[in-house]
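Enquirer: Sequence:
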Amino acid sequence: MQQIALDVTLHGSFWVLTRDGKRLHEFSHAERAVHEAVRLARELEESGQPARVRVETTRGKVIEVLPDPMRSPPQEH
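In terms of our numbering, the sequence shown opens at residue 1089 and continues consecutively.
Note that these hints are calculated values from the structure, not bench results.
Accuracy of the hints is not assured; some may be wrong.
Quick list of in silico lysine to aspartate or glutamate cross-link-like pairs, EDC-like style, CA-CA up to 20 Å [said to hold, decoys possible]: (1) K1149 - E1134; (2) K1149 - D1095; (3) K1110 - D1156; (4) K1110 - E1144.
Given the structure is predicted, the values throughout are model-derived calculations rather than measurements.
Construct the entire structure; sequences and hints are all you get.
Expert: Set out below in C-alpha cells:
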C-alpha cells in the first residue's frame, strides 16, 4: 500500500495542508495545520493506510513529523 503524503507549506500568509499534492485546507497558524495533518495521519494509519507528515519551514527546510512517536521508528533523510 502506498504511503499518503500530508504536507504543510506556507503560501503567502496561509499554511496550506495538502494530501498527495491536492489542497485540503488553509490555516492562519502553522500549529493548526500541523495538528490537522497529524490527526489525519493517525486516522489513516488506524484504518491500515500508511501516512507521513512533512512541514516546510519559512526558510525552506522540510521537517518530518511522526504522527505517533511512540509507535513510529525515527526516519533519516
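Enquirer: Evaluate each hint against the coordinates.
Expert: Here is what the structure says about each hint:
For a cut-off of 20 Å, the pair hint linking K1149 to E1134 is broken: about 29 Å separates their Cα positions. Restraint check for K1149 and D1095: the C-alpha separation of about 13 Å stays at or below 20 Å, so the hint holds. Among the hinted pairs, K1110 with D1156 is inconsistent with the structure: their alpha-carbon atoms are about 23 Å apart, more than 20 Å. A threshold of 20 Å between alpha carbons decides the hint, and for K1110 with E1144 the separation of about 16 Å falls inside it, so the pair holds.
Figure legend: structure checked against the earlier numbered hints; hints not met, in rising order: 1 and 3.
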